[in-house]
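Assemble chain B onto chain A, guided by the hints.
From first to last, the protein sequence lines are chains A and B.
Taken in order, the first sequence gives residues 4 to 167; the numbers are from our numbering.
Taken in order, the second sequence gives residues 4 to 167; the numbers are from our numbering.
Think of the hints as simulated: they come from the structure by calculation, not from any bench.
Keep in mind that a hint or two might mislead.
Which chain A residues face chain B? A few, computed with CB under 10 Å, are given here [stated by the list, open to error]:
| hint | residue |
| --- | --- |
| 1 | Arg19 |
| 2 | Gln22 |
| 3 | Met146 |
| 4 | Ser148 |
Below, simulated EDC-like cross-link-like pairs (lysine to aspartate or glutamate); rule was C-alpha separation at most 16 Å, straight line [as the list claims (entries may be wrong)]:
| hint | chain 1 | residue 1 | chain 2 | residue 2 |
| --- | --- | --- | --- | --- |
| 5 | A | Lys117 | A | Asp50 |
| 6 | A | Lys117 | A | Glu32 |
| 7 | B | Lys117 | A | Asp9 |
| 8 | A | Lys152 | B | Asp27 |
| 9 | B | Lys152 | A | Asp27 |
| 10 | B | Lys152 | B | Asp67 |
| 11 | B | Lys87 | B | Glu53 |
| 12 | A | Lys106 | A | Asp50 |
| 13 | B | Lys117 | B | Asp27 |
| 14 | A | Lys106 | A | Asp82 |
| 15 | A | Lys117 | B | Asp9 |
| 16 | B | Lys106 | B | Asp82 |
In this text, a Cβ means the ideal position worked out from N, Cα and C, and glycines have one as well.
Here is how the chains run, residue by residue.
There are 2 protein chains.
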Amino acid sequence: MAKAFDLQTSPGHLLRRAQQYANDLYAQEAGSNGLTPRQFAVLHAVDLHEGLSQTALVRETGIDRSTLADMISRMLRKDLLARKRTDEDARANSVRITPAGRKALRAAMPAVTKSEQKILEILPARVRTEFTRGLSLIAQAAMESEMAKENGDGTKPKRGRKKR
Amino acid sequence: MAKAFDLQTSPGHLLRRAQQYANDLYAQEAGSNGLTPRQFAVLHAVDLHEGLSQTALVRETGIDRSTLADMISRMLRKDLLARKRTDEDARANSVRITPAGRKALRAAMPAVTKSEQKILEILPARVRTEFTRGLSLIAQAAMESEMAKENGDGTKPKRGRKKR
Numbered sequence: 004m005a006k007a008f009d010l011q012t013s014p015g016h017l018l019r020r021a022q023q024y025a026n027d028l029y030a031q032e033a034g035s036n037g038l039t040p041r042q043f044a045v046l047h048a049v050d051l052h053e054g055l056s057q058t059a060l061v062r063e064t065g066i067d068r069s070t071l072a073d074m075i076s077r078m079l080r081k082d083l084l085a086r087k088r089t090d091e092d093a094r095a096n097s098v099r100i101t102p103a104g105r106k107a108l109r110a111a112m113p114a115v116t117k118s119e120q121k122i123l124e125i126l127p128a129r130v131r132t133e134f135t136r137g138l139s140l141i142a143q144a145a146m147e148s149e150m151a152k153e154n155g156d157g158t159k160p161k162r163g164r165k166k167r
Numbered sequence: 004m005a006k007a008f009d010l011q012t013s014p015g016h017l018l019r020r021a022q023q024y025a026n027d028l029y030a031q032e033a034g035s036n037g038l039t040p041r042q043f044a045v046l047h048a049v050d051l052h053e054g055l056s057q058t059a060l061v062r063e064t065g066i067d068r069s070t071l072a073d074m075i076s077r078m079l080r081k082d083l084l085a086r087k088r089t090d091e092d093a094r095a096n097s098v099r100i101t102p103a104g105r106k107a108l109r110a111a112m113p114a115v116t117k118s119e120q121k122i123l124e125i126l127p128a129r130v131r132t133e134f135t136r137g138l139s140l141i142a143q144a145a146m147e148s149e150m151a152k153e154n155g156d157g158t159k160p161k162r163g164r165k166k167r
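The shape of chain A in the complex, shown without the other chains:
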């Protein structure tokens, strides 16, 4: 049965393997004391947009709400993030990056850029831009699907894709 299906040409399977390899290459570069790729994404997003709500952080990083909450707890304990509570700021969950967080972000940057360069160099030069653009379209569809869910839009997004 199912002999026609081939893992080695399956976009889902290949996406998983490619993503794992990107993670492996990052881990090789970053060493065991560095940020995880997802911690990097969270810190980077918070650094750029201080006081981002958790909903906005979910959207920006693509990390689901409960995983993100766990990650933020750990990163608060590690002093990479701090709670941001001011009188004007009623968003109890919003966070800011600490000096230690900024330092960790800066330390991780070379490993991020180097491992991403290694991934892209696997591809023929002429297809790199188009390839990244393809990933970006899929990520955008993911975000829009996520937003539709957040907005309590019970309907499944038809194409997972809209003009924005």
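Here is chain B on its own, set in the frame of chain A:
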């Protein structure tokens, strides 16, 4: 700091989001009782190549050795796989698919193909083949890097890529 780096154009970040979305779409199609994408990959590989060694399964599925061992234990308990021990077959760890495993594989197939079709349909038709080919090149580099490690080749693969 690091303002030049943009998550939304980062291949590593985009790969992670695209892969998550592929998983989400599969889960929507498969429902909560279906195989996980990785279980599907293992069953599919074992179905095609009965008696595959664990090393070959690692290579075929891209699942690391310890995760694969855990998965196989669970799948043996669920009667999706069975141990394959014959006098000729000294590979103690080799497994075969059971009728229940074959049934689960067949049941998952429509969800796999439908969710993969949804992913590809996000992309303009003219770039789909090239995109999948790009993923395949990265997956191939991953496999070769994995094989170099399995072979006790202590040197880090320089480009993660060889002609095969």
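Hints breached by this structure
5
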